[in-house]
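2 protein chains.
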Amino acid sequence: MGVIVQKFGGTSVADPQKIHNVAKAVIREKENGNDVVVVVSAMGHTTDHLIKLAKEVTSQPDSREMDMLLSTGEQVSIALLAMAIQAQGYKAVSMNGQQVGIVTECIHSRARIVDIKTEKLQKKISEGNIIVVAGFQGVTPDGEITTLGRGGSDTSAVAIAAALKADRCDIYTDVEGVYATDPRIVPNVQKAETISYEEMLELARVGANVLHPRSVETAKQFNVPLRVRSSFKLDNLGTLIIGVDNMEIYKPVAGVAADSSQIRILLSELPDIPGTAAKVFGSLAKNNISVDMIIQSLASNGTNSIAFTIDADDFDGALKVLDEVKAELKAGEVLIDKDIAKVSIVGAGMVDRPGIAADMFRSLADNNINIKMISTSEIKISCLVEKENAKNAIKALCKEFELESTESADVKGDLPDV
Amino acid sequence: MGVIVQKFGGTSVADPQKIHNVAKAVIREKENGNDVVVVVSAMGHTTDHLIKLAKEVTSQPDSREMDMLLSTGEQVSIALLAMAIQAQGYKAVSMNGQQVGIVTECIHSRARIVDIKTEKLQKKISEGNIIVVAGFQGVTPDGEITTLGRGGSDTSAVAIAAALKADRCDIYTDVEGVYATDPRIVPNVQKAETISYEEMLELARVGANVLHPRSVETAKQFNVPLRVRSSFKLDNLGTLIIGVDNMEIYKPVAGVAADSSQIRILLSELPDIPGTAAKVFGSLAKNNISVDMIIQSLASNGTNSIAFTIDADDFDGALKVLDEVKAELKAGEVLIDKDIAKVSIVGAGMVDRPGIAADMFRSLADNNINIKMISTSEIKISCLVEKENAKNAIKALCKEFELESTESADVKGDLPDV
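First to last, the sequence lines map onto chains A and B.
454 is the number that the numbering used here gives to position 163 of the first sequence; each next residue is one higher, with no gaps.
330 is the number that the numbering used here gives to position 39 of the second sequence; each next residue is one higher, with no gaps.
Because the hints were derived from the structure by calculation, they are not lab data.
One should not assume that every hint holds.
Repeated chains share a single entry, so a pair holds when one copy, or any two copies, can fit it.
To be verified - Pairs of lysine-lysine, DSSO-like flavour, derived with a Cα cap of 30 Å:
| id | residue 1 | residue 2 |
| --- | --- | --- |
| 1 | K382 | K411 |
| 2 | K321 | K309 |
| 3 | K611 | K663 |
| 4 | K682 | K617 |
| 5 | K309 | K343 |
| 6 | K690 | K524 |
| 7 | K411 | K511 |
| 8 | K524 | K315 |
| 9 | K482 | K456 |
| 10 | K346 | K315 |
| 11 | K415 | K343 |
| 12 | K408 | K343 |
Produce the complete structure using the sequences and hints provided.
Below, the structure is given as structure tokens:
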């Protein structure tokens, strides 16, 4: 008999009928002989509705009061799910962030978990209850209500699984697992049976939206086996995410992803003196703007040009900073390129196998896709390409690194904008 | 500089515009130089909506989970009101039942307050904050969320006022104060400037709906001056409810009320032997049915008849019990009279003045109103009359005891069904 932590998102608990379906999935795991803790998000559009209410009261709501407001969303879900489980004849008890003892730092709207006091949780489990926990929320040592920000409910589930030394944390979602790339682009893409935390992290960072990197980081830190699986096909085991040490790696590349939310900026005719790059990136950093890929090149006239990418959301802020920097350094122009996409291959297996980068570049070249910038990390290689080439690049790389399967994935939804 | 506790009900915070109006009333009291704690209920129909959701999940929701669910309603209101106060440039902080330290017994859906831990509340006040507290809810010593049942938010406000030794607790409502009777029946009825806890309690018990008796009882116990006043006319001071010792009493009768929710039951031909009445009322009590007025009379044939009144809600239960009692005691008939109303006069001043009862009976007789039963307490006299005579009885008694004023009350709404 083990401990299983389950997590269901807002669409899975959007109405009473869906809540009953979740109750069935929970009871199924209990009937397997496990102790079950289930973490849920707020119902459907509840959070959006609450944010709208706050905006009607004031254009700049205080973050402490926003946390007080938004945390009610999950509290409604847990009460209703506990009732649904009880209605099937099982013992259940709901616990909000404060009751379950999810202690966070006192930073409202994006608090990090610092501790989980499991005494009360353990006691309720030992009394035979299925525990229904409010995701996304915690409490400071002073008793202030906090929320965890993006990916919060996934992180709540993983952190609770770590604290309880659970056998597994199952993240139920609307996809059947982790695919090597978006099945809406490559319909016959392989679904991974297992993938490592490190690969999942890199995939999440370069555009795969299955799990927020934060929850994967927490799982990696505490070595919690994570399973991404379908809310609709309970017999499907999905993808297991575990430590790389526990895996036999057959393939050098586990996944391919594209991120089209970046913008390339080129600063030309910079003086070739020490401190120029530091000035540019120091000014951006001071304004909280993260830079991704960077290339510096020396022109024939003895000046430098620096090209880099930033997130599209930071564009207006970056432009303001760079105009000041340009004036100060007496630089040439600030050139913008919005029609780009970053295509990445990720794989723990590439560490020991030289030539993967060369294979990637050749494959893109064979498909007439021009590479504008390149960056690499230990288990990832990213190439900046024209946005219109992104889908073809993904298809070519899935073929190149044998990520296709014999059957099509069962996926709905529109093609993503890459 | 004093401490004022204010309470606003659900209709006063039903939408963002109304919440801004409440914020103005709160800030006004702060500008008077007082520390302010404001207690609010859930917005408009929020509680009804949540109950409906629960009923869609299960026909018999668990009371612990209902408290978890319903307590979110006030938590939404306090966050939004705190935001609205902050938007006017004042410091405000919201606190739910757990944070404010409203400790209750562990009886879900109708818990009683056992303690209020004011340390945190005092600290936030001393930092210059207006405190916005969730009414209707508390927490057990084990950290379980409870709700206080009917009249809960009024009771929260009074209990906090008692714990803080507040100068006053202002209950804002849609009427301008406490009237000697329902102004929809007697438009030129007097509004009381002051009334005693005892009188208010008796009036509440006999049908006046301004305050729940529970909040008045708490105010009386801790000697908290209570003010009932209008949310819409902030300059109007309403009615102050204080201890009878602090009052100068000019009139023997403070108010007249009618309760038409009772049913009269007559049990005929009961054996005139000891234990008969005990059998009848013991059986009713065992089934949790409260009896109000009682008359026992001896018939010429040596049998007794017992007449009494019960609440209409208990009618079906009572009938079942009485059929069994009738069979056991070999009694005659169970006769029902639903067309009755209990008309009461209440006044702390009647204690020292004999003849008030006689004045009441004569006044009713002069108006051709027949009295079916009579009951009295120290500061109350009640007469059971035909339902169709109730309004005339109220008018006659207001005239008799000089409870009319020269001006009409400003009251909207339909005539009550008395």
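Violated hints - listed by number, lowest first: Hints 4, 12 contradicted; others consistent.
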